[in-house]
Amino acid sequence: MIITKIFQFDMAHMLDGHDGKCRNLHGHTYKLKTGIKGELIQKGPQKGMVMDYGEIKDIVNENILSKMDHAYIFDKNSNVESEISSILIKNNQKVYCFDERTTAENLSKHIYKILKGKIPNLIFVEVFETPSSSAYFGDYNE
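Here the UniProt record's numbering is used: position 90 in the sequence shown is 90, and no number is missing along the way.
Please keep in mind that the hints were generated in silico from the structure rather than gathered at the bench.
One or more of the hints may lead you astray.
Said to hold, decoys possible - Computed Cβ-Cβ distance ranges for the label pairs, DEER-style:
#	residue 1	residue 2	range
1	Asn-24	Ile-3	31 to 39 Å
2	Asn-24	Pro-120	24 to 32 Å
3	Tyr-53	Asn-92	28 to 36 Å
4	Asp-52	Lys-76	34 to 42 Å
5	Asn-91	Glu-39	16 to 24 Å
Said to hold, decoys possible - Below, computed lysine to aspartate or glutamate pairings styled on EDC-like, alpha-carbon distance capped at 20 Å:
#	residue 1	residue 2
6	Lys-37	Asp-69
7	Lys-33	Asp-19
8	Lys-109	Glu-129
9	Lys-113	Asp-69
10	Lys-113	Glu-62
11	Lys-76	Asp-58
A virtual CB, placed ideally from N, CA and C, is assigned to each residue, including glycine.
Using the sequences provided together with the hints, build the complete structure.
This is the structure we're talking about:
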């Protein structure tokens, strides 16, 4: 059985060097979907569940949302994006440093790697940058 839990958060970014409008500073209301595979628990307070949704929520809030929600995410390899982050940091604004370009594809991979060790049997994350555009990353062999 696979269960999913969806989260929503807001974040600003830009794609320095991109040849489209996303080269400009802008924001998204992201949606994060997690997928967990497992057998139903047979006994105890979580009987009939794969995992308690509240537990998933706590893990995602602590490891992802508390750091990314309403932050400016930037590629530390971009001078322009790093300069903007410096100004924000000087003004006590929330930033999230990223090791690569801040695309939905890279974000889904990054979030998956963070959560994989924290949510048992996590098989995928899907990051929606818009209601109709998403990137999916996970263990395809499970």
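Which of the numbered hints are not met once you compare them with the structure shown? 2, 5, 6, 7 and 11
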